[in-house]
Amino acid sequence: MRKQSLTAKFAFLSLALIGILAFASSEVLGQAVITIVNGDGPDEGFNDPTPVDPVGGNTGTTLGQQRLIAFQFAANIWGGKLASNVEIRILARFNPQTCTATSAVLGSAGTTFIFRDFPGVTPFPGAVAPSTWHHSALADKRAGADLNPAGPDIQATFNSNLNGNPACLGGRKFYLGLDSNHGADVDLVVVLLHEFGHGLGFSQFANVSTGAQTQNLSDVYGKQLLDLSTGKTWDQMTNAERAASAINSRRVVFTGPTVAAELPGVLSPGTPLLRVNAPAGLAGNFAVGAAAFGSPLSSSGISGNVALALDDADAAGPLTTDACSPITNAAAVAGKIALVDRGTCGFNVKVKNAQDAGAVAVIVADNVAGGPPAGLGGADPTVTIPSVRITLADGNTIKAQLGAGVNATLGVDLSVFSGADALGRALVNAPNPVQPGSSISHWDPVAFRNQLMEPAINGDLTHSVTSPEDLTLALMRDVGWFADADLDGIADEVDCSPNSDRRPTVIIDGCDTGVPNTFFSSGPNAGCTISDLIRRCAANAGNHGGFVSCVSHLTNELKKDGLITGSQKGSIMSCAANAGLP
Amino acid sequence: MANQTFRRKLVWTAWAAFVALAMTLSLGAGTGVFAQTAHTEKPEKEKEEAKAQAAGQQSAVDAKTGKLKQPTQDETNALNEAIKKLFDRPTEGLKTTYLADGTVMVELTEEFMEVSVIKINPDGSKSVECVTGMKAAEESLKTHGPGAKANSAPGAPAAGPAQKASIPPAKGETGKTPQKTSQDKSQWEVM
Chain P
1 MRKQSLTAKF
11 AFLSLALIGI
21 LAFASSEVLG
31 QAVITIVNGD
41 GPDEGFNDPT
51 PVDPVGGNTG
61 TTLGQQRLIA
71 FQFAANIWGG
81 KLASNVEIRI
91 LARFNPQTCT
101 ATSAVLGSAG
111 TTFIFRDFPG
121 VTPFPGAVAP
131 STWHHSALAD
141 KRAGADLNPA
151 GPDIQATFNS
161 NLNGNPACLG
171 GRKFYLGLDS
181 NHGADVDLVV
191 VLLHEFGHGL
201 GFSQFANVST
211 GAQTQNLSDV
221 YGKQLLDLST
231 GKTWDQMTNA
241 ERAASAINSR
251 RVVFTGPTVA
261 AELPGVLSPG
271 TPLLRVNAPA
281 GLAGNFAVGA
291 AAFGSPLSSS
301 GISGNVALAL
311 DDADAAGPLT
321 TDACSPITNA
331 AAVAGKIALV
341 DRGTCGFNVK
351 VKNAQDAGAV
361 AVIVADNVAG
371 GPPAGLGGAD
381 PTVTIPSVRI
391 TLADGNTIKA
401 QLGAGVNATL
411 GVDLSVFSGA
421 DALGRALVNA
431 PNPVQPGSSI
441 SHWDPVAFRN
451 QLMEPAINGD
461 LTHSVTSPED
471 LTLALMRDVG
481 WFADADLDGI
491 ADEVDCSPNS
501 DRRPTVIIDG
511 CDTGVPNTFF
521 SSGPNAGCTI
531 SDLIRRCAAN
541 AGNHGGFVSC
551 VSHLTNELKK
561 DGLITGSQKG
571 SIMSCAANAG
581 LP
Chain D
1 MANQTFRRKL
11 VWTAWAAFVA
21 LAMTLSLGAG
31 TGVFAQTAHT
41 EKPEKEKEEA
51 KAQAAGQQSA
61 VDAKTGKLKQ
71 PTQDETNALN
81 EAIKKLFDRP
91 TEGLKTTYLA
101 DGTVMVELTE
111 EFMEVSVIKI
121 NPDGSKSVEC
131 VTGMKAAEES
141 LKTHGPGAKA
151 NSAPGAPAAG
161 PAQKASIPPA
171 KGETGKTPQK
181 TSQDKSQWEV
191 M
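In order, the protein sequences belong to chains P and D. Numbering-wise, this note's numbering puts 293 at position 293 of the first sequence, and it's gapless, one number per residue. Numbering-wise, this note's numbering puts 56 at position 56 of the second sequence, and it's gapless, one number per residue.
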């Protein structure tokens, strides 16, 4: 029975006598080697000889050395999480770039090349899908070979002016320490992690303004962008649909299964929203921006009928709906959720006036198109009711139904994660108007805890790219960076042995058989070597006799399939018999 | 070489479109022109424009009064469109290599690079954000100004990362509810 089973298995094997040396290109098992290629000239950038003191674990003694150490540190964080048997090269430079007292370009990075329709070198799987653009380093990983040995995978150029010069950001500089203790300075490692993330796979290549794709083809990132309004992914859309989707705030999600699986362990539960309960034709959830003042929204929420608050059109505010003056229809507003318009006076003034009229909560409708609704800034400790902001479009929709009687609830939906849709899929940044660069190739900034790949690089970020702190690695997995601990080209989840014995010859308990350690590239044992299968015998056998018997069956099959000779079978059996296994 | 020529042409075309747009606006309905096209009291206007930009505002000059005013929504949209055309990434004309095994390789231009920019807010806190393309980054720093509210005129749409609508924990709820941070507050619009 066992023999038949093994025979059946081997019958399907397509054996690749891949030299074990092919596995040896990575210096560290299961990790990608990311090399910073110093593109600077003498005495500049990475070669700046200015003496510096050690800082935050960075032991470089010159400014140039410390910059290079920080770069390599960030590269190693990514390299430790991504597996590739092809070295990833980042051509890096420090050059003088724009910097004023109050603003500066920190630096830039991105993939240098994109590839499509590249074959895999068995067992490496090749492209994720046909006619689909891949980032250079990702393409190399999946091809199992360097597709463009002459060029770097990523380019990175950072601003050498951020060096403590008072004229540049008031003397702020790049913090070159490795311990996140950046204080008022800019943590270079975090910025590098973010920008390298874009270069490795966290970006798409379509034009977000026009919707046009590079050479009219989609990419590994865009294939997993779903627009909740059209129900289409970005690769299924026309240019016009993509352009519309790029500004479809809070309605574009990333559908990758790894991100979805890890999201509940990373983002916090609780999304503020306005739920309209009636009339039936309007019922549903509306996105809101929360207020920085007044009482916070609760999960139980506050419900009531919505009433338009009216005030005098006067010097404080030209509209009768801007609530910049005391409310004149207090009787209609008391006990209800007041609806007011944005404009002219502070949000806290509007809410205070509505509160004074007896409102239990306030909805501020924006007065220009755009989205998603931002938060309500301001401060007034005497404001005690909750308030939110909605878009102009939503405000107009609700106003049009006030005659029918609108009943709504303001609250926090704890079943929806902050930064996800109701089904737990991560929201992608889709602000209206579109922001080339920021749009789509980042998470929605509503995400909390703060994420590395939001458009704003928040000061509380750690150097983690994995859960439970961060979703970036999860996204990398979804765009094609499959885990491959032994770098054999077969994803760990389907690898017969994710940590293969990759030695050139079959060695059993220290006994070298001299038999080539053949690797199985496909079939049910894909990812295993002969040594792995013998190791499996040892793991499953109840005693030494069982182990020897298992190896005997195995070698019979190998011999039958022409993979070993009779003499080689004898060598293996000799070592197995003398091994102290199991 | 042909590719470079194409790109130069593209940028020049976009720039010409932008200039034409600005001129059209200045000669058009007579309601306003962008500050750059004003021709009277130039030194004073430049000062005012500089102040306005330092405050992170997009400014326009009323053609009749010659005074600074908030741009109308149409003017803001027109300017945004012009900027968009200037800095959009190309999708055709990129250097492409076809290999015998079917592999297609495209070399990306700088418009595809992600750029981090920093702005110091009026309260001294810093905002770091990511945009695409160095030109877009430079424009972002120019038009949005230091630590500015995006399109900061009251009534202008909020944009960009200044939208962190995190929520303070409600009484009786778990501490896992998102917390407000001072950084979030500093970025919120107040009117």
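Careful: at least some of the hints might be erroneous.
To be verified - Taking lysine to any residue pairs in the SDA-like style, the calculated list, with each CA pair at most 25 Å apart, reads: (1) P/81 to P/501; (2) D/95 to P/255; (3) P/81 to P/210; (4) D/95 to P/501; (5) D/95 to P/150; (6) D/95 to P/148; (7) D/95 to P/235; (8) D/95 to P/210; (9) P/173 to D/95.
Everything labelled a hint here was simulated from the structure, so no lab data went into it. All figures in this text were calculated on a predicted structure; none of them were measured in a lab.
Tested hints:
1. For the given pair, residue 81 of chain P sits about 21 Å from residue 501 of chain P by alpha-carbon distance, which is consistent with the 25 Å threshold.
2. Using a Cα cut-off of 25 Å, the hinted pair residue 95 of chain D and residue 255 of chain P is violated, with the two alpha carbons roughly 31 Å apart.
3. For a cut-off of 25 Å, the pair hint linking residue 81 of chain P to residue 210 of chain P is broken: about 35 Å separates their Cα positions.
4. The suggested pairing of residue 95 of chain D with residue 501 of chain P is violated, with an alpha-carbon distance near 43 Å, which exceeds 25 Å.
5. Distance check on the hinted pair: residue 95 of chain D and residue 150 of chain P sit about 15 Å apart at the alpha-carbon level, within 25 Å; holds.
6. The suggested pairing of residue 95 of chain D with residue 148 of chain P holds, with an alpha-carbon distance near 14 Å, which does not exceed 25 Å.
7. Straight-line distance between C-alpha atoms of residue 95 of chain D and residue 235 of chain P comes to about 22 Å, which keeps the hinted pair within the 25 Å bound.
8. Taking the CA atoms of residue 95 of chain D and residue 210 of chain P, the gap is near 21 Å; set against the 25 Å cutoff, the hint holds.
9. At most 25 Å may separate the alpha-carbon atoms for a hinted pair to count; residue 173 of chain P and residue 95 of chain D exceed this at roughly 37 Å.
Consistency with the previously given hints fails for numbers 2, 3, 4, 9, ordered from lowest to highest.
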